[in-house]
Each structure stands twice: as structure tokens, then as C-alpha cells.
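K.L.:
Sequence:
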Amino acid sequence: MENEVLLSVRDLKKHFTMGKNEILKAVDGISFDIYKGETFGLVGESGCGKSTAGRTMIGLYDRTDGEVVFNGKDVHSLSEKEKFQFHKQMQMIFQDPYASLNPRSTVKEIISEPMEVHGLFPNKKERSERIYQLLEDVGLNRDHANRYPHEFSGGQRQRIGIARALALDPDFIIADEPISALDVSVQAQVVNLLKRLQEEKGLTYLFIAHDLSMVKQISDRIGVMYLGHIVELTASNQLYNKPLHPYTQALLSAILYRIRMWRISGSVSSCRENCQVQWIRRAAVSSEPDASTLWTSVPRRNLSGRRSTKTIMLPVIYMMNM
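Going by full-length UniProt numbering, the first residue of the sequence shown is number 1, and it counts up by one from there.
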């Protein structure tokens, strides 16, 4: 990992209008830097806004506010010509390996499409060789080039998606939950593949996931998201060895044995317009008769990792003695 900042996100917001008087604050003011050559993990439960954040960073969604600076340029202020070049440098691996591949196209056509759009390898023979090399890079072979997506397993389809993302030789890849739809036995293979490709090609990753055990294996630093905010950001080992935020502790208790187990009650609620500082509170319902309800207001962590004075309300968390 180098000290050069490749992607800088500052106070990024993405809000959606839900009806006449309701606003869903999917991403509500997140800030962080991603350094060249590192893997930045973004974790949180379903509905916290992490995928929306990734799609806004790459320009699939327009921002509501804030800025995303890649290689010194604001992504959302680029001209059409600059956007064309930007998408050669930043690519995305999508969550669903079944829906993200055109079922009517062969693997060769799927990987070839971005090269055709950007005018790379106009010679058909050279383009074919490039496709074959990409397939070999992701652990497939030349014979797979003329097959259709339905002929492959989920893990193989995700490898095809990775090969497509590599077709333009990008510097930065957003991996949006690339292993969540795969069997556990295949997940480790895909993570190891991404790590190997990073070493060979000098790639930088934003790795979005909710599987904390897998995120630890690939990430240098990790940001924890909850309801559109990043509540904790630190080095991977530090997060797992000494989580500071109670929400992070609750997430980690799902994979780590602890004397005390934290459990979060209820489901994620959407944030209304009047929720500027306080979190939506979850229902305090517990099936454990000896569980104690713990309301906590914890200082937020700023960009440097220090704790600031601004506080936010956490959801109801039950702390049970095991």
C-alpha cells in the first residue's frame, strides 16, 4: 500500500425521494480516503447504504451533495470526454453473478464489449488473445470463451464478471458484495483470486460486503456503515482486536466468541427528513428474560480516527452474559 490518495470521498450524500414528503437518506455524509494499492473494506448490514455509496462513487447514481475525487478530479463534474476516460480507470464487479451477465451473449462477447466501446484492440486476433489471457488470469480457460453464462456455476460466473472488469486494465475496482451470492466453499477462492490479481496488477479495491470474516482476509482498512453513516474507521486488525463502537461490537459478536454477546433488536428503518443527528431507534423487544437494555450515545469518530464531540443515538443493543 502506498501513501498516494487515489480516491477521496468528502461528505458524500445520496438521498432518494419517497413520495411527497419523505426522503430516504441512503448515504448521509460519509468521508474517507482510499490509498493506491490498498483494499478498503466497507461493511454493514443490508440496507445501511454501502452499495448505494459504491454506485454513487462510480457515477451510476448522481450525488445529492459532497464530492468524490478520483486522481485529482471530481467524478460528478467531469465532461463527457473525461467520463469516458474515467470509466477506463474505474470498474465495478457486481453482486449478482447471474443478473449481471447478458444471458444471450457468449463469454467472449461479454468480455469484448467494454473493449469495443473504448476502441481497444481493434485487431480481432489481438482482442481474442486478450480475452483468452483474461480468462486464464481469473482461473478459466480458452474453451469457456464460446459458452453462455447459464453453462457456468455461480463462482465461475463471478470470475467472468471479474475478467470483464479487468478488460480495460483499470486502476481501481469497486467490488460490490462479490461473494455474497456464492457458496462458502467458493467465497474463499474468489477472495484469494482478487488478492492475487491485486498483487500482479497493482489494483486498488473498494470491497463492499456484510461478511465480516471475509472482509478481514482481504482488507487493509475497514469502514463500518450504519444507516448511511460511517460509525467507525480503522485498520483491519485494530477493528477486530479492539472495536470501539458498540455497533461494531455487535456485528463482530456474530463471528467472534466473547464473554458478552451483543445482539441488535429489530430491523433497519428508513430515516425521515427530521433525523439530522439522532439515529432511528429500533424496537426494544427481547426474548431473553435476563437481557438488559442498553441505550448508548457514543462520540463519532472523525477522519483521523480520533473521537469527536458530536454524538449519535445507537439502536437498542442487548448485552447478555454467556
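Read the hints as simulated data drawn from the structure, not as lab findings. Glycine residues also receive a C-beta, built at the ideal position from the N, C-alpha and C atoms. Just so you know, not all the hints are guaranteed correct.
Simulated restraints on C-beta separations [stated by the list, open to error]:
| id | residue 1 | residue 2 | range |
| --- | --- | --- | --- |
| 1 | ASN237 | LYS20 | 45 to 53 Å |
| 2 | ARG142 | SER185 | 32 to 40 Å |
| 3 | ASP11 | GLN85 | 31 to 39 Å |
| 4 | LEU244 | PRO103 | 41 to 49 Å |
| 5 | GLY19 | LYS125 | 31 to 39 Å |
| 6 | LEU244 | ASN123 | 51 to 59 Å |
K.L.:
Take the hints in turn and mark each one as holding or not.
P.N.:
Hints versus structure:
| no. | hint | result |
| --- | --- | --- |
| 1 | ASN237 <-> LYS20: 45 to 53 Å | holds, 47 Å |
| 2 | ARG142 <-> SER185: 32 to 40 Å | violated, 25 Å |
| 3 | ASP11 <-> GLN85: 31 to 39 Å | violated, 26 Å |
| 4 | LEU244 <-> PRO103: 41 to 49 Å | holds, 46 Å |
| 5 | GLY19 <-> LYS125: 31 to 39 Å | violated, 55 Å |
| 6 | LEU244 <-> ASN123: 51 to 59 Å | holds, 55 Å |
Against the hints set out earlier in the document, violations occur for numbers 2, 3 and 5.
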